[in-house]
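Colleague: Chain order of the listed sequences is Z, E and V. Take the first sequence: its position 454, counting from 1, is numbered 454 in the working numbering, and each next residue is one higher. Take the second sequence: its position 169, counting from 1, is numbered 169 in the working numbering, and each next residue is one higher. Take the third sequence: its position 281, counting from 1, is numbered 281 in the working numbering, and each next residue is one higher.
Among the clues, some could well be false.
Within a straight-line C-alpha distance of at most 27 Å, the following computed BS3-like cross-link-like pairs (lysine-lysine) qualify [unchecked claim]:
hint, chain 1, residue 1, chain 2, residue 2
1, V, 154, V, 173
2, V, 173, Z, 313
3, Z, 313, V, 50
Calculated directly from the structure, the hints in this document are not laboratory data.
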Amino acid sequence: MDDHRAALNRPPRWFFAAIAAAPVLFITVLYAWPVSTLLWTTLRRGASGRSPFDHVAGIMWFTAWQAAVSTVLTLVVGAFPAYVLARYSFRGRRLLMAATTVPFVLPTVVVGAAFLALLPTSWHGTAQAMILAHVFFNVAVVVRLVGSMIAVVPHDLIGAARTLGASPRRAARLIMLPLLRPALWSAGAVIFLFSFTSFGVAKLLGGPTHPTLEVEIARRATQLGDVSGAAALSAVQLVALAAVIFWTTRRGRRAAVELPGATAPHRPRGPRERRMVGAVSAGICLLVGAPIVALVSRSFHVGGAWSVSAWTKLGTAEIRPGAGLGVDPLASVGTSLRFAVIAALIATAIGFFAAMAINASSRFGKLLDGGLMLPLATSAVTIGLGMLITFDTPPVDWRARWWLVPLGHALVAVPFVVRAMLAVLRAIPRDLRAAAATLGATPIRAWWQVDARALRRPLLAGAGFSAAISLGEFGATTILTRSGSETLPIAIGRLLGRAGALPRAQAFVLATILLLLSTVIIMASGSHERLGSDA
Amino acid sequence: MLDARDLVIAFDGRRALDQLSLHVDAGEIVAVLGPSGAGKSTLLRIIAGLLLPDSGTVTLDGIDITHRPAHLRSIGMMFQDEQLFPHLDVAANIAFGPRMHRWPSAEIAVRVDELLTLVGLVGFGDRHVDRLSGGEKKRVALARSLAPRPDLLLLDEPLTGLDRELHDRVMVELADVLRTAGTTAILVSHDRDEAAALASRVVRWHDLQPA
Amino acid sequence: MKIFGLGKRFSAVAMVTVFAILSAGCGSSTSSGKPSPITLVAYDSFPAEKTSLNSALDEFTKATGIEVKIAIAGDAGTMVTKATLTAGNPEGDVMWGVDNTLLSAALDGKVFTKYEPNGWNAIDTQLTALVPGHELTPVDFGDVCINYDIGWFKSHNVKPPASLDDLLKPEYKDLLVVENPSTSSPGLAFLMATIAHTGDTGWQDYWKALRSNGVEVVDSWTTAYDDEFSGAAGSTGSRPLVVSYGSSPPAEVIFADPPRTDAPTAVVASTCFRQVEFTGILRGTHHETEARKLVDFLISAQFQNELPLNLFVYPARTDSTLPPEFTKFAVIATNPFSIDPADIAANRQKWQDEWTTIVLR
Numbered sequence: 001m002d003d004h005r006a007a008l009n010r011p012p013r014w015f016f017a018a019i020a021a022a023p024v025l026f027i028t029v030l031y032a033w034p035v036s037t038l039l040w041t042t043l044r045r046g047a048s049g050r051s052p053f054d055h056v057a058g059i060m061w062f063t064a065w066q067a068a069v070s071t072v073l074t075l076v077v078g079a080f081p082a083y084v085l086a087r088y089s090f091r092g093r094r095l096l097m098a099a100t101t102v103p104f105v106l107p108t109v110v111v112g113a114a115f116l117a118l119l120p121t122s123w124h125g126t127a128q129a130m131i132l133a134h135v136f137f138n139v140a141v142v143v144r145l146v147g148s149m150i151a152v153v154p155h156d157l158i159g160a161a162r163t164l165g166a167s168p169r170r171a172a173r174l175i176m177l178p179l180l181r182p183a184l185w186s187a188g189a190v191i192f193l194f195s196f197t198s199f200g201v202a203k204l205l206g207g208p209t210h211p212t213l214e215v216e217i218a219r220r221a222t223q224l225g226d227v228s229g230a231a232a233l234s235a236v237q238l239v240a241l242a243a244v245i246f247w248t249t250r251r252g253r254r255a256a257v258e259l260p261g262a263t264a265p266h267r268p269r270g271p272r273e274r275r276m277v278g279a280v281s282a283g284i285c286l287l288v289g290a291p292i293v294a295l296v297s298r299s300f301h302v303g304g305a306w307s308v309s310a311w312t313k314l315g316t317a318e319i320r321p322g323a324g325l326g327v328d329p330l331a332s333v334g335t336s337l338r339f340a341v342i343a344a345l346i347a348t349a350i351g352f353f354a355a356m357a358i359n360a361s362s363r364f365g366k367l368l369d370g371g372l373m374l375p376l377a378t379s380a381v382t383i384g385l386g387m388l389i390t391f392d393t394p395p396v397d398w399r400a401r402w403w404l405v406p407l408g409h410a411l412v413a414v415p416f417v418v419r420a421m422l423a424v425l426r427a428i429p430r431d432l433r434a435a436a437a438t439l440g441a442t443p444i445r446a447w448w449q450v451d452a453r454a455l456r457r458p459l460l461a462g463a464g465f466s467a468a469i470s471l472g473e474f475g476a477t478t479i480l481t482r483s484g485s486e487t488l489p490i491a492i493g494r495l496l497g498r499a500g501a502l503p504r505a506q507a508f509v510l511a512t513i514l515l516l517l518s519t520v521i522i523m524a525s526g527s528h529e530r531l532g533s534d535a
Numbered sequence: 001m002l003d004a005r006d007l008v009i010a011f012d013g014r015r016a017l018d019q020l021s022l023h024v025d026a027g028e029i030v031a032v033l034g035p036s037g038a039g040k041s042t043l044l045r046i047i048a049g050l051l052l053p054d055s056g057t058v059t060l061d062g063i064d065i066t067h068r069p070a071h072l073r074s075i076g077m078m079f080q081d082e083q084l085f086p087h088l089d090v091a092a093n094i095a096f097g098p099r100m101h102r103w104p105s106a107e108i109a110v111r112v113d114e115l116l117t118l119v120g121l122v123g124f125g126d127r128h129v130d131r132l133s134g135g136e137k138k139r140v141a142l143a144r145s146l147a148p149r150p151d152l153l154l155l156d157e158p159l160t161g162l163d164r165e166l167h168d169r170v171m172v173e174l175a176d177v178l179r180t181a182g183t184t185a186i187l188v189s190h191d192r193d194e195a196a197a198l199a200s201r202v203v204r205w206h207d208l209q210p211a
Numbered sequence: 001m002k003i004f005g006l007g008k009r010f011s012a013v014a015m016v017t018v019f020a021i022l023s024a025g026c027g028s029s030t031s032s033g034k035p036s037p038i039t040l041v042a043y044d045s046f047p048a049e050k051t052s053l054n055s056a057l058d059e060f061t062k063a064t065g066i067e068v069k070i071a072i073a074g075d076a077g078t079m080v081t082k083a084t085l086t087a088g089n090p091e092g093d094v095m096w097g098v099d100n101t102l103l104s105a106a107l108d109g110k111v112f113t114k115y116e117p118n119g120w121n122a123i124d125t126q127l128t129a130l131v132p133g134h135e136l137t138p139v140d141f142g143d144v145c146i147n148y149d150i151g152w153f154k155s156h157n158v159k160p161p162a163s164l165d166d167l168l169k170p171e172y173k174d175l176l177v178v179e180n181p182s183t184s185s186p187g188l189a190f191l192m193a194t195i196a197h198t199g200d201t202g203w204q205d206y207w208k209a210l211r212s213n214g215v216e217v218v219d220s221w222t223t224a225y226d227d228e229f230s231g232a233a234g235s236t237g238s239r240p241l242v243v244s245y246g247s248s249p250p251a252e253v254i255f256a257d258p259p260r261t262d263a264p265t266a267v268v269a270s271t272c273f274r275q276v277e278f279t280g281i282l283r284g285t286h287h288e289t290e291a292r293k294l295v296d297f298l299i300s301a302q303f304q305n306e307l308p309l310n311l312f313v314y315p316a317r318t319d320s321t322l323p324p325e326f327t328k329f330a331v332i333a334t335n336p337f338s339i340d341p342a343d344i345a346a347n348r349q350k351w352q353d354e355w356t357t358i359v360l361r
């Protein structure tokens with residue numbers, strides 16, 4: 001980073017300490033405190049008779065194995081859209097960008113059901129089905145992280161390799177691949193994290209024969225009442241994933257090289273390039289489109305016949321006299337939007353301060369960066385139950401507070417906001433701050449004028465992405481939710497939990513609404529172009 | 001006016017400046033001529049207050065400013081690669097310095113117009129800096145560094161990156177502008193002709209340091 | 001300048017939000033002349049608002065002045081886990097929906113405080129016998145049974161199974177889908193049914209045979225019933241036999257669209273396991289007087305009559321009236337399987353582990 005001799009014109013230490021206070025407080029109060037309280041109280045009490053690690057070796061092996069396969073497969077599959085969307089400009093590119101992002105924020109209950117309807121019965125309850133769904137969800141990560149790196153590899157670099165006698169394939173392998181390595185490491189780490197902690201997909205598509213560690217933790221805590229066993233497994237998962245995060249970040253950092261700014265995408269030239277763009281667009285449409293079409297069409301399918309009644313009867317409280325669904329679908333839309341706004345505000349504010357603090361200080365920054373990632377590696381059940389037993393006495397008797405839900409969503413969204421902002425901050429030429437200083441800006445003003453203002457676009461993109469994550473969040477919400485705070489995914493889950501044609505179709509109506517809302521938010525905020533370009 | 005004395009700075013154990021001294025009188029335009037990679041930019045950064053030397057002093061009008069932060073020095077700098085603020089338009093880039101010095105806004109507006117005229121960019125005020133040609137960017141960078149009326153202006157290879165024809169045209173304009181503005185300036189360059197055309201005095205890099 | 005303003009506003013909003021959050025945490029009030037509002041903790045299929053069940057609760061508020069807030073605590077298992085973790089410093093005042101498979105766990109965790117409500121004697125004595133210590137009060141019951149797709153069996157000219165033993169016959173090969181007893185409460189109930197039927201030492205062989213006869217296991221009722229079972233209206237599933245509720249057929253009628261008068265599915269009555277649900281006052285409540293009044297109300301005829309169409313269960317009171325869809329399409333098993341709650345508590349984990357080894361590994 002900056003030479004210490006250049007420290008003359010940087011804001012003083014106390015300034016960054018003050019900036020770091022908000023994210024540190026956030027992660028400590030909402031994450032570290034409850035999780036450590038749960039681990040401490042339950043692990044001290046000791047396991048209930050049997051060892052928490054009975055029968056777990058197989059589950060751990062399977063969890064790691066399927067996560068590794070999902071990661072490699074997603075990187076391979078995602079490389080094609082990442083390359084095409086980064087290199088070529090063509091009609092429909094923006095829409096395709098958004099299309100690859102939307103699955104990432106859709107709730108698994110819904111997509112899982114769509115997959116079940118699409119896949120042959122022999123695939124139900126198999127590891128293949130699970131891995132396929134992981135690819136579907138995570139292609140977005142490759143398109144974002146690797147794609148933005150591809151965009152800054154100068155075309156001429158490949159051209160230079162070609163003039164020196166490299167075939168296109170050798171140029172890709174010898175020039176492109178090594179340059180992309182940091183992005184591949186960081187994308188791989190995120191995908192591995194998500195596939196490892198897979199919960200909804202594992203339950204729905206993997207079925208009972210393929211539980212992940214996360215599923216086992218939830219089963220022990222909620223169904224067997226074995227909270228100490230669950231906490232022990234949760235600690236193991238946390239340590240394992242923290243090690244993975246640490247290791248991959250180091251590998252990624254070591255592979256990092258400096259690249260000049262982005263080269264603009266160009267129109268595909270010649271039949272070969274056009275064919276490639278066409279094939280990849282078709283591929284995206286198929287992978288993303290098929291489950292989405294299945295999902296939307298089920299909302300028009302009531303009891304085996306085409307019908308719009310699931311849509312028209314959406315607000316009806318009583319389906320038959322005296323018989324209600326006990327779910328207010330329209331109110332859940334309102335609740336979800338309200339929570340999305342709150343979660344987006346909090347996540348963006350915290351992410352803004354965190355990114356600034358991380359960028360300013362290298363050792364503490366790494367620590368904070370890692371700390372903000374930890375909630376993604378921790379079972380939602382563990383965080384939820386931790387909050388339950390931590391926030392239980394005044395002045396912090398927060399158990400029944402509705403705002404724990406959007407705060408939980410923000411916890412999940414912050415790492416993404418930070419990624420997006422850091423990418424922009426790190427791309428700021430150092431001399432831009434120097435220029436501001438020579439023109440008379442004090443260090444804090446130079447920081448504000450250059451760093452803070454550069455974050456306007458990622459701020460909006462981060463807010464949009466956070467809102468979309470909040471809309472689709474299911475795991476933490478189920479633990480934290482109270483009456484009067486039923487979000488769309490929760491309402492969908494409840495409707496799916498009812499017998500009868502109408503509730504089932506209405507679940508898919510809500511899923512379609514959710515899909516539309518996320519798409520609109522992501523496209524309007526520009527999240528599909530900006531987010532996660534950190535490498 | 002400016003006195004840099006015995007400046008030493010080392011990067012990774014290698015000395016980039018070794019006992020370097022340079023003196024500039026008020027009203028002078030001094031060109032420092034030297035090969036690429038010699039450490040000329042490092043010298044400018046130390047004078048501007050962007051980098052602290054390992055030893056040696058910088059004095060301005062007899063006052064030691066070695067440890068004074070850049071924003072308190074009133075020393076302007078035109079960077080080799082312009083460093084225009086990408087989120088601001090041309091006028092706002094030029095107005096940046098005066099704003100930092102809390103000029104009244106009416107005065108800032110007058111100053112911006114003045115400089116746009118000076119560098120021949122009248123009507124470019126609301127242009128986005130991404131939309132400028134290479135020569136136009138140089139001119140905006142020059143106008144921006146002159147705007148707050150610095151006591152001393154530093155120019156780091158001000159004409160690199162321009163093609164031959166443009167280079168010559170901008171060089172003439174730049175010489176003109178510097179004379180009209182009457183600013184004291186130090187410019188570093190590797191081009192003998194350029195140095196001769198712009199400066200009132202040319203010094204060689206290796207003459208600044210004892211062998 | 002514009003962006004400057006945005007940033008400023010942003011941090012201002014963030015500050016206000018944080019402040020509001022902190023101050024909201026500190027505000028709580030207790031004790032005054034009028035009765036305190038109380039919280040009813042319930043599982044996630046309990047309607048939070050806008051049903052006749054909620055209107056009935058509003059009537060209670062009108063009559064007594066006690067406001068009732070509903071707190072949803074997740075599925076029944078999660079709810080009891082949470083209650084055990086917070087025993088003595090509960091999240092609410094009254095809990096709805098502890099069932100007989102979780103009963104002993106809740107009692108061992110000392111989650112509830114004793115109370116014999118007005119109306120206890122109107123409840124089916126078979127149900128009250130489960131809680132001789134009065135820690136909890138039975139509120140409703142239902143059956144978990146094999147459901148079958150009437151149309152499928154008609155069109156394939158096969159007679160639907162009549163008993164648990166029939167499920168092992170070759171004509172029912174690859175037809176049944178069940179839920180995992182470790183993750184689903186109907187799945188657990190069905191395992192209990194088989195244990196009650198074949199005994200403590202016989203059920204393992206029964207499940208081995210069921211496995212070789214092609215039983216499919218999924219994680220949740222939703223997946224089993226909506227996605228794998230062929231009988232739910234409009235389903236893409238392919239299996240005509242499923243473990244579901246005795247009240248699923250009437251739900252198919254009530255929530256059909258367009259309306260229908262006959263159920264597409266039916267229940268095999270001899271395969272049912274009885275699930276009983278209880279309510280109780282959470283130990284550590286600061287509003288015991290109000291909580292008692294609420295429990296009285298929950299077993300009043302007025303509230304009990306609303307249960308069938310909202311929760312698809314049978315009222316615990318013997319003098320309740322049932323809606324026509326229930327009397328016509330639902331089945332109350334005359335001789336349902338049952339297991340003593342204490343036995344369930346003692347063996348549940350062992351059974352689930354053994355079952356996992358036999359069926360899933």
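Colleague: Report the numbers of all earlier hints that the structure fails to satisfy, in ascending order.
Modeller: Failing hint: just 2.
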